[in-house]
Each structure stands twice: as C-alpha cells, then as structure tokens.
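Here is how the chains run, residue by residue.
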Amino acid sequence: MNITTLSFILLSIMAIGSAVMMIRSKSPVHSILWLIIVFFAISGHYVLLNAQFLAIVNIIVYAGAIMVLFLFVVMLMNLNAETEPVKNYRLQLIGVISGGALLLILLSALMKMNSQQMVQMKIGDPGLISNLGKVLFTNYILPFELSSILFLSAMIGAVVIGKKD
Amino acid sequence: MDIKAYIVLALTLFTIGIIGVLVRRNAIIIFMCVELMLNAVNLLLVAFSKMHAVSAAVKASPTYASDAQIFVFFIMIVAAAEVSVGLAIIVMLYRNTHSVDVNFLNRLKN
Amino acid sequence: MSNVLQIAWLIPILPLIGFIINGAGRNNLSKGVSGFIGSAVVFASFLLSIYVFIQVKNGHTDVLHYFNFINIESLKIAFDFKLDQLSSLFLLIITGVGFLIHVYSTSYMHEEPAKDFAKYFAFLNLFVFSMLLLVMGANYVIMFIGWEGVGLCSYLLIGYWFRNNDYTIAAKKAFIMNRIGDLGFLLAVFWLIAKVGTVSFDEVFSTVNLAKLTLTDKTGITLLLFIGATGKSAQIPLYTWLPDAMAGPTPVSALIHAATMVTAGIYMIARSNILYTMAPLTQGVIAIVGLATAVLAATIALKQNDIKKVLAYSTVSQLGIMFLGLGVGAYTGAVFHVMTHAFFKALLFLGAGSVIHAMSGEQDMRNMGGLKKHMNITHLTFLLGCLAIAGMPPFSGFFSKDEILAAAYANNPLLWGIGVITAMMTAFYMFRLYAMTFLGKFRGTHDQEHHLHESPFAMTFPLIILALLAVIGGWVGIPEVFMHGGHKLEAFLEPVFANTNEYVNAHHPHEHLSPSKEYILMGVSVAGALIALLYAWNKFSKYEKTELPSTGFAKLLENKWYVDEIYQSIIIQPLRSLSVFFNNVIEKKGIDGFVNGTGKAVNYGSRQLRWLQSGQVGAYVLLMVIGILVLFIIQLFL
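Residue numbers (our numbering), protein chains in the order written: chain E, 1 to 165; chain D, 1 to 110; chain S, 1 to 638.
Be careful, since some hints might not be right.
[What the hints assert, rightly or not] Cβ-Cβ distance ranges computed for the label pairs, FRET-style:
1) A109(E) to N596(S): 41 to 49 angstroms
2) L71(E) to G615(S): 50 to 58 angstroms
3) A109(E) to V585(S): 21 to 29 angstroms
4) A601(S) to N139(E): 54 to 62 angstroms
5) G100(E) to V585(S): 49 to 57 angstroms
6) L71(E) to A601(S): 27 to 35 angstroms
7) A601(S) to M118(E): 23 to 31 angstroms
Hints in this document: simulated from the structure, not taken from any laboratory.
Even glycine gets a Cβ: it sits at the ideal position worked out from N, Cα and C.
Produce the complete structure using the sequences and hints provided.
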C-alpha cells in the first residue's frame, strides 16, 4: 500500500465520517464545523488528483466564504440545539431507509460495471492554474463574464430579500 | 487509483446529503446538505477529468481535460450565488416565523 | 325506348303529394276536398300505371335511374325504379284496388270529424306511396324504404282511433311484429352487401354475382328475407298482428289485406325468385310454413264470430297458400293468387264494411242474419266474393288456387292433400260467414233492424267493380288443359321468371301433370269445396243464437289455439321478468353500482391522496427520493 492509497483512504474516512457527524449533530454550529472538515477532506482529494487550483478554490470559496456565511447567519439568529423541534421519528426512519436504498441501488449498478479505468493521480496537469487559466480566458470567457452578472444579480437579490419591509 | 473507489466515495457523500435533507428540519442544515451533495458531484467530476487523460494526441495539448475542472469552477460560482440568495431567504423566513423549521413553510399551501 | 317510361316517377310521387296536401292542410280542408284529393291522386297514379303496364306489355321494360342514394367507396346504391312485368302488375293492383278503397272510404268515414278525415286520407296516401316505392324500387334498399313505410303506415292506420287503448295496443303489436321481420330483411341485405357488394336486383341476379354466393349464403339470405316476409305477410310465427289489425277502420283492413302490405312479402320473394330457386332448403321451409299457416288460420276462422276476424284469418290462410305456391316454385301461381286475392278480399272487406255500416258498427255475426232483404247489392257482390275465395269455377279464386295446388301436387301429393283440406275449410267458413250474415232471420236489436239500409253509391260502386273483377279476374290465367295459350299471365310474367325456369329445367326438369290427372285434382278440390259450402249453407242459414259456451276443440279454435296466450307466456312473460331482473339487479346494483362506485372510489381515493399534498417540504422531498429510487430501479434492473 503506497502513500497515495493510504492518503486516499484516510481522506475518504475523514470525509464520510465528518459528513455523518454533520447530519447527526444537534447544534447547527457543530454541523457547520463538521461540514468544513468535509470540505477540507475533499480539498485533500483534489490535491491527490493534482487539481491544485480547485483545491485552493474549494478551501477559499466553500470552507472560507460560504461556510463563514452560514456560520454568520446561524449566529445571527442565535439558533441552538433546542430550537429545532424533534422530527417525526417514523419519517426519519423512512428517510434513512430510502436514502440507504438509493445508495445500495447505485452501488449495485456500479458493481455491474466492468471497467478497469484507472485515475491518474500525480501525473497529468490539467488542474494546474496556468492551464485552467488559459482555458478559462479563451474558451470559457463568455460564461466567466456572465458569472459576474450572476453574482451581481444574486447580490441584489439577497439585498432585496433581506431588506426590512 | 481505481475510478470505482472515487465513484463509491462520491455516491456515499451524496447519499449522506440526501439523508440529511430527509431527516433534518432545520432549513440551514438542509441547505448545507445540498452543498455537500454538490461537492460530492464536484469530486466525481474532477476524478473523471483525470481518468480520461489517455490519448497521446490529446496529451500533447497543455489544456487537455481541463473542461471538467472548469465545470467544477462554475459549479462553485453558482453555489456561492445560490448560498447568498438562499441564506437571505432563510433570514427572511426566520424574521417572519421566528423559526427555521421547514415545516412552517407549508403556509405556502394557502 | 326509355323515354316512354320516364313519366313513371309520377306514380309514387302523386300519392306523396296527396299525403302532403292532406297532412299539411288537415285543419283547413273540408271533407269533400280532402277526400277528393286523396282519391284523385291515386286515380291519377292508376291511370299512369295502366299506361306503364301497356308500355311494359309492349316490351318496354327499363330501370330508371334518378340519383345515387348512398355513395360509399365501393358501395353505390342508386335511387332507381325498376319497371318490368312483375312491378307493373303490382302497380296496377295497388293503385287500382287502392283507388276503389279510397272512393269507398270517402263514404265510409263520413262521420269522422273533418280534421281526422283529412288525416285518414293523408295516411292512406302515404300507405299507397310506400307500397309503390316498395314495388318500384330497383334494389333491396329502396324496397326496404317502402317496406318500412308500409310498416309505419299500418301502425298509423291501425291506431287511427288512437283514443281507444286496445286499438293502440293492436297498432303497436303490428309494428313490433313487423320490426322483428324487418330485422331479418335488413340482415339479409347486409349479408348481400358483404358477399356481393351490390343490392340492385339486376346485378344480384346476374350469373356472375350468383356464382359468388355459396349455397350457405343463398340459404341464409333467403331465410332471412323470408323472416322479413313472415312479418309483413303474416305467416307463422309473426302472423298474430294481422287479426288484431282489425282495430283500424274497415277500408284500412281492406287496403292492408288486399292491395298493400301483406302482398309485400310475396312480391319480394317473387322478385328474388332465382335466389329462392337456388336454395331448396328455404323453399321447403317456405312451403311448410305457408301450409301450416294456411291450415292454422283456416281452423281458427271456423269458429270466429267477428265478421272481420273471420276475414282476417282467411287472409292469413290465403297468404299461407301463396307461400305454399312460392315454396313449390309456382311463382306465377303465387303472383296470380295475389292478384285475384286482392280483388275478392278487397271486395269481401268492403262488403263487410258495408254490413258493419248498416249495422251501426255491430261486428258480431251472431247478431246479424237476414240482411239479404235489406242490402241487395252488398249481398250479391259478397256472394260473388265468397264463391271466388271458395274456389268455385269459373270465379277467379279457382284458377289461381288450383294452379298453386297443382304445382304442390307435382312437388309432393301430401302438400296438395292438406291444401285441399284448407280449401274446404275456406269454403266452409266463408259460407258460414255468408249464411250467418245474409240468410236466416235478423237476430239483432229492433233499433238496428229499423236502421238497416243499403250503403250509398260511393260504397257500392267499388263493390260492383271489385265483384266484376273477382268474377273475371281469373280468366287471364286459364290452365293449359282448358285452353291452349289461355294462361296469358304466365306468358306475360315469363321474362321475370326466365332465369328460374332455365335453372329448373337444367337441374331437375318438371314432369308435367297429365291432363287427366289435372282434371281429377281440380275435380276433387272443387267437389270438396262444394260439399263444405253446401254443408255450411245448410247449417248456418238456420242459425239460432245460443248461450251455450263452446267446449273442447271448438273452444280451442275459438280462442285461436291460444297462440296469443302462448306468446304471452313463452316470450313476453320471460322477457318482462328478465327486464325486471335487469332493472333491479343489473341496472341498480350493477351499472348504477359501478357508476356510483367509480364516483365513490375517486372521492375516497382523493380523500386519502390528499394527505400526500401536505405542504410539508420534507414529505415532498421524501416522495421525490422514492420516485428517483423507482426510476433507478426501472432503469437499471428492469
């Protein structure tokens, strides 16, 4: 077992475990912190895949900006464990069962697939900043610029919705 | 690494997100579960981008197989925008109902 | 060549115009005017029919095309009139006898209010129109229009006094019995269309198209057509409507029985003669049914006391004889008998009407008697009619009846034997009727006796004409044994039955009866009828009213073999119970239950499904996931 495989397993356990903890913890603040750990684990996966740019962006945008925004809102509303009423137990069970069934079905479909495709871990450099930048500013220049308009409209929307009327 | 390992990982994360959506009533947590599902898909996209890098002719270009990662980038952009609007809605909801329980959203019914 | 017949479309149109005028103006026309219009249009048709007849006799037969009645893909049904020997002869009978009945009606119906009077004539005209259409139609569909038309008109006329409930029921009975037969006719037409693709007489009877029909087809089609004929022409099992049709005014009975309606079945079979000749099974069925009807009706007539009922059953019996003729292949004989029967039966009915008129509506013969003194013309003409129907030479009935009987003998002597017995019974009941009505002494009330009078000229005139025809009408068909070339009718109708004769000669040639044998047969039947006649004359001229109820067989006959009661219990009662069952169980529980159950199920289901639409986001998401799950399962594993 080489170091790559080992780190893959460790990161996977970390991601899955944290995700489970996220949906299990009562306090929203804890959930957010667990989710941040999941994002870090996923960033680690990106690094393993030699997608450095995305690894960085994931940490900056998700773990940094978005989750901080969540945290901010939670703290603003002063939510804690007691504020959430207990959900119907039966409905929870049904939710878990159906989710698990979905996973099982997808996995069994995967088992039927007889592909021996391997993922190249360290070699290959499409994830490098310079290459991505070239593609982004040549082929994808229009979506890139449009996304700024999307951000603008999202900002205006957030302001309009959040405004006290 | 076998591609299947990544698929299994992404599926697991995705399903955890779904279960979270199903069992939690807190709108913020549900929102976070959606983000988790998005990330699971992102991870799979990146894994696939590395899987397809096989053809020598394609390999010669420095920008081969970058499209999937560009996709991920745009997904992040959209997610960020979505989160800003979504959180604004949740704040609004909390202001009106003093709760973030999605069951109170059933007032939309009438 | 066709130009000479082009005017023929006026023949049916004129009565239709009369119907429209009388029908539309029934509130405004006086009795005189509507009676005149009604009679005049038929008279005009009669004149035209004579013209057509003469043209046809000179060899100008034709099919006149007017327009396409039905035009579907491969099926083209034209509105055509066929004018040949057969139809022109029927035209003469219908319009001629019809005209006399119209004239008679102007006097007979005089006591009706003007409005009903005009209505009556409108219906009569429509009746004649329908019958003309039936006879002139050049294909089965046009024939069917007339066929339905006479059914409708008989309903209207039998139920003319519709305020009397019994009469309405009789009208409905006639209509329903006819409908049963019509269904058979219709099925036969459909069968023809399916197999041959045409309904035109000329095309169906062509050698090419006949070859397309298997023996099963021919037998099936002819049997179905025969069912139609049993309805219209009152044969077993559908004959019961005809005696009940006496509910209508007497001239209507005369019209139905003599000139129109009941002859439709004979005409139709005579028209389709080649089909029937090619289906021996059907011929056998027709002969047996006809003979059975003849015997049954004759026995019933022996014990009836209503003057019109006796005549009604005699009509059924005579129609049976005609069908016997058709069944043994004596098409000419059957048509001949239709003609002579039209004369003497119209005469008898109109005579009976005259008697009823004189008796102020009394129809029971037990209350009559001795009318000879009071009604000379009626008495004399009636006697001639009785002699004609009894088959006394040289009256018309003798020639036509004996032609049929001779043909029956050639086919099977047993048929002949039963036929002769029927003829004897006919002579017996007719002279029972005659003797009870005109001989002996009067048995009615004093008022009635005081009122007795001879009918007016408008009523006696048709009687005289018809009596004349009843006497001499048979002379167009004198058998070969008496006079060579004497059977003018056969020579005239020869082209119509040419196909059949050819077929018969090719397959099983007729053995001609030897002249001596023919004389013997005639002698036997005439002697039998004469004995029956004299016996009845003797017995009933001294008839006294008795209060003794009849017993045994006589009672059975008096009650018409209980056929109506049998129909009532075998067909109507089970049908009624079945409909009650359907109403109570199938309709209320089954269909209503199903319909209401559907409503209830939807109601209940939506009340249950309402909980799905809870407004709970969580529940929606859960459902969505389950939906995805199902889709995945279908996609991946099925």
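Verification of the supplied hints:
no., hint, in the structure
1, A109(E) to N596(S): 41 to 49 angstroms, "47 angstroms, holds"
2, L71(E) to G615(S): 50 to 58 angstroms, "30 angstroms, violated"
3, A109(E) to V585(S): 21 to 29 angstroms, "55 angstroms, violated"
4, A601(S) to N139(E): 54 to 62 angstroms, "59 angstroms, holds"
5, G100(E) to V585(S): 49 to 57 angstroms, "53 angstroms, holds"
6, L71(E) to A601(S): 27 to 35 angstroms, "53 angstroms, violated"
7, A601(S) to M118(E): 23 to 31 angstroms, "58 angstroms, violated"
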